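Number of protein chains: 2
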Amino acid sequence: MAAQTVARTTDSVNLGPAAALSCRECGHRVPLGPVFACEECFGPLEIAYDFSGYDTEELRKRIESGPANIWRYAPLLPVPSDVADKPNLNPGWTKLVQADNLARELGVTGGLFVKDDSGNPTHSFKDRVVAQALEAARAFGFTTLSCSSTGNLAGAVGAAAARAGLRSCVFIPHDLEQGKVVMAAVYGGDLVGIEGTYDDVNRFCSELIGDPAGEGWGFVNVNLRPYYAEGSKTLAYEIAEQLGWRLPEQIVVPIASGSQLTKIDKGFQELIRLGLVEDTPYKIFGAQAEGCSPVSAAFKAGHDVVRPQKPDTIAKSLAIGNPADGPYVLDIARRTGGAVEDVTDEQIVDAIKLLARTEGIFAETAGGVTVGVTRKLIENGVLDPSKTTVVLNTGDGLKTLDAVAGTGLTATIRPNLDSFHEAGLA
Amino acid sequence: MAAQTVARTTDSVNLGPAAALSCRECGHRVPLGPVFACEECFGPLEIAYDFSGYDTEELRKRIESGPANIWRYAPLLPVPSDVADKPNLNPGWTKLVQADNLARELGVTGGLFVKDDSGNPTHSFKDRVVAQALEAARAFGFTTLSCSSTGNLAGAVGAAAARAGLRSCVFIPHDLEQGKVVMAAVYGGDLVGIEGTYDDVNRFCSELIGDPAGEGWGFVNVNLRPYYAEGSKTLAYEIAEQLGWRLPEQIVVPIASGSQLTKIDKGFQELIRLGLVEDTPYKIFGAQAEGCSPVSAAFKAGHDVVRPQKPDTIAKSLAIGNPADGPYVLDIARRTGGAVEDVTDEQIVDAIKLLARTEGIFAETAGGVTVGVTRKLIENGVLDPSKTTVVLNTGDGLKTLDAVAGTGLTATIRPNLDSFHEAGLA
Numbered sequence: 001m002a003a004q005t006v007a008r009t010t011d012s013v014n015l016g017p018a019a020a021l022s023c024r025e026c027g028h029r030v031p032l033g034p035v036f037a038c039e040e041c042f043g044p045l046e047i048a049y050d051f052s053g054y055d056t057e058e059l060r061k062r063i064e065s066g067p068a069n070i071w072r073y074a075p076l077l078p079v080p081s082d083v084a085d086k087p088n089l090n091p092g093w094t095k096l097v098q099a100d101n102l103a104r105e106l107g108v109t110g111g112l113f114v115k116d117d118s119g120n121p122t123h124s125f126k127d128r129v130v131a132q133a134l135e136a137a138r139a140f141g142f143t144t145l146s147c148s149s150t151g152n153l154a155g156a157v158g159a160a161a162a163r164a165g166l167r168s169c170v171f172i173p174h175d176l177e178q179g180k181v182v183m184a185a186v187y188g189g190d191l192v193g194i195e196g197t198y199d200d201v202n203r204f205c206s207e208l209i210g211d212p213a214g215e216g217w218g219f220v221n222v223n224l225r226p227y228y229a230e231g232s233k234t235l236a237y238e239i240a241e242q243l244g245w246r247l248p249e250q251i252v253v254p255i256a257s258g259s260q261l262t263k264i265d266k267g268f269q270e271l272i273r274l275g276l277v278e279d280t281p282y283k284i285f286g287a288q289a290e291g292c293s294p295v296s297a298a299f300k301a302g303h304d305v306v307r308p309q310k311p312d313t314i315a316k317s318l319a320i321g322n323p324a325d326g327p328y329v330l331d332i333a334r335r336t337g338g339a340v341e342d343v344t345d346e347q348i349v350d351a352i353k354l355l356a357r358t359e360g361i362f363a364e365t366a367g368g369v370t371v372g373v374t375r376k377l378i379e380n381g382v383l384d385p386s387k388t389t390v391v392l393n394t395g396d397g398l399k400t401l402d403a404v405a406g407t408g409l410t411a412t413i414r415p416n417l418d419s420f421h422e423a424g425l426a
Numbered sequence: 001m002a003a004q005t006v007a008r009t010t011d012s013v014n015l016g017p018a019a020a021l022s023c024r025e026c027g028h029r030v031p032l033g034p035v036f037a038c039e040e041c042f043g044p045l046e047i048a049y050d051f052s053g054y055d056t057e058e059l060r061k062r063i064e065s066g067p068a069n070i071w072r073y074a075p076l077l078p079v080p081s082d083v084a085d086k087p088n089l090n091p092g093w094t095k096l097v098q099a100d101n102l103a104r105e106l107g108v109t110g111g112l113f114v115k116d117d118s119g120n121p122t123h124s125f126k127d128r129v130v131a132q133a134l135e136a137a138r139a140f141g142f143t144t145l146s147c148s149s150t151g152n153l154a155g156a157v158g159a160a161a162a163r164a165g166l167r168s169c170v171f172i173p174h175d176l177e178q179g180k181v182v183m184a185a186v187y188g189g190d191l192v193g194i195e196g197t198y199d200d201v202n203r204f205c206s207e208l209i210g211d212p213a214g215e216g217w218g219f220v221n222v223n224l225r226p227y228y229a230e231g232s233k234t235l236a237y238e239i240a241e242q243l244g245w246r247l248p249e250q251i252v253v254p255i256a257s258g259s260q261l262t263k264i265d266k267g268f269q270e271l272i273r274l275g276l277v278e279d280t281p282y283k284i285f286g287a288q289a290e291g292c293s294p295v296s297a298a299f300k301a302g303h304d305v306v307r308p309q310k311p312d313t314i315a316k317s318l319a320i321g322n323p324a325d326g327p328y329v330l331d332i333a334r335r336t337g338g339a340v341e342d343v344t345d346e347q348i349v350d351a352i353k354l355l356a357r358t359e360g361i362f363a364e365t366a367g368g369v370t371v372g373v374t375r376k377l378i379e380n381g382v383l384d385p386s387k388t389t390v391v392l393n394t395g396d397g398l399k400t401l402d403a404v405a406g407t408g409l410t411a412t413i414r415p416n417l418d419s420f421h422e423a424g425l426a
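Keeping their order, the protein sequence lines are chains H and U.
Using our numbering, the first residue of the first sequence is number 1, and each one after it goes up by one.
Using our numbering, the first residue of the second sequence is number 1, and each one after it goes up by one.
These are calculated hints, taken from the structure and not from any lab test.
Pairs of lysine-lysine residues, derived as DSSO-like cross-links and limited to a Cα-Cα distance of at most 30 Å, are as follows:
1) H:K86 with U:K376
2) U:K61 with U:K86
3) H:K86 with U:K61
4) H:K310 with H:K376
5) U:K310 with U:K376
6) H:K61 with U:K86
7) H:K266 with H:K387
8) H:K376 with U:K86
9) U:K376 with U:K387
10) H:K266 with H:K86
11) U:K300 with U:K387
12) U:K300 with U:K310
13) U:K180 with U:K86
14) H:K266 with H:K300
15) U:K376 with U:K266
16) H:K86 with U:K387
17) U:K61 with U:K266
18) H:K387 with U:K86
19) U:K61 with H:K61
20) H:K387 with H:K61
21) H:K387 with H:K300
What you are looking at is a predicted structure, and each value in this text was computed from that prediction instead of being measured.
So here's chain H without its partners, still in its complex pose (with noise of 0.2 Å):
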């Protein structure tokens, strides 16, 4: 791998405001590339800014006057500042749902909302990181997208590639469930089944990675995984701006590999750190279902390091048994005083009942997470219901319908008045 990367890396690529890649562990500095490993300690390579020469007050009223979609911020991620004129799907800027009907059921005063992810082109916060990964992508010279998935990522890696012009090849478990098969094969680029586990598909995108079968190959969550990450910072960029330009009191993030959860706070940093809100203290908590709660286990005892557990959830979607970024989640909800929780599948399946019901948002199970983390969380008194609250939905509820499958007809009638009556329908 190291050969490929070395050569793709240039010092002459425009990320915009992207100035290099930064060890998160020891602080060693690489130009920008296509890496991902600290090749002194092998710690995650991460975006290092250079936000030098930004008038704050300049800054607030161009992203203001920018694009309804997360190109708004393009001074802020690593892309070159034409990027709203190329073909991409223009995700994010979806809606901060004011959630009074819900506040009501759970006690909340201090105002709840929703980020409702689901509105993006293919319906999950996916498309937020992949636009990052493409820009990447174009930027070195790569011509065919991939990634390892099992669900939302391989939809939103194929759609991305097909608008952009690139060649998509996407590997997931061949065993897969054939709705989930349709969604990502539709867009037209390669669809691999692997036979094999899910880490037996990581497995071998590392190896082809290394292969001189993967040269001009962009993984958007390995090779390309720093910039890919960055996306995540959107959702916090919008939300503080949605709310008037002041950051929550407390945030509930869904936990699969917790990169999402460590970019939100990265981004309210930056926000603060540049002066485009007040630097006002914030809780972020995770959730995480029961059937995988390897962070939430080493919240409540204490530990630093997480312990990997094999996943038995009805939430796919953040069924990661071994998270990368773990330990960092651990320290973030700590040093602003949040929590990390789990809930079991019964209570994922209420909870997402209890959005749909209250404010009419049909959530995938990673929303029923949230929401029903945010319940307990509430009961046990850890979050505090007169603070302002968001809550993270990141997928739709159409791509895990099996979730509620139990919910049905109220009743069956014939199609008369009298068979209408009986039935106690009036």
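Keeping the supplied structure of chain H fixed, place chain U upon it in accordance with the hints.
The following block gives chain U in isolation, referenced to the frame of chain H:
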């Protein structure tokens, strides 16, 4: 029915610029109320507006500084001026995608755009019309929102009622596919299966409106139809504004009842009259599935009336065999120099895949109909590829996965490089 509707008719109803109901056939005017048929000639009632006193440039500014949803056009809709502050799903302001890849495939040189209404809250254009019906329901004091439906509308009504805090009671044929039942039931309203066909469901709803049991019920597509239908005007407004306040030269619209097509024409005409766009010529093209093509058949035969058909097509959201607005559609297509055309189920599936492959948009079957008809009209020399053309996608492919169920894996391999190379994927 008359007794109930007259009782609820009042001159003090505040629905913004909506001044009265007016018969499209004989022009007879009645006060705003939950009525849909002219008492003189049984013609369809529609909203008559009072747009007097609008200054063009003030109106344009007010729209442009409005919210990123349909309520930016509140001054042109039958809704109170504070509509944006009420709990509703805030649909609209969906993406107008510049479809350069699709344009290349179809040979369009004058600019091709897809208006992608899968971005609405419940992922179909029905959210636009239901949002209008909801405001009318509130104005008339209805406490239950209802409809007959076989799909998209059920979910849109259930979600809108949940968010607005109204009861919902939706009627569907009892033997609908389980997936569609789940999508409609998840919002927690009453979902009633009727033992019979969709026609039986409709007949029963009309009976219920005339019964005391239906007191306080707003049927979005029956007694609230004049308000409901106006929601489709917002498609015209958004397209014109997103094109920089100009009309497209050609637009391809799907036909179910035909209402949407007539309201898009009405919207364009209003924009011209209000001075918001120049009075440039536009052609409106209607699109049907061959398996339910009563309007297309009448257009080709040169008839003014539409002979009902028994639908048999995968495009179920367009499968209305006896379209109420058929004659008006024929009139508009002929008056604007457009046409009505149909495509086979196979062409619909091909078009869904074409749109996904070129633009990363996964459309429901109705979107396959419009894209397929666009291709056919270009091939036949009816649609001019040198002119600016807008194609509507009114729904989401996730809701009609069966249509593309044949789509699948490119290859299945073992998790190693040898197997990858053997499959010829490099």
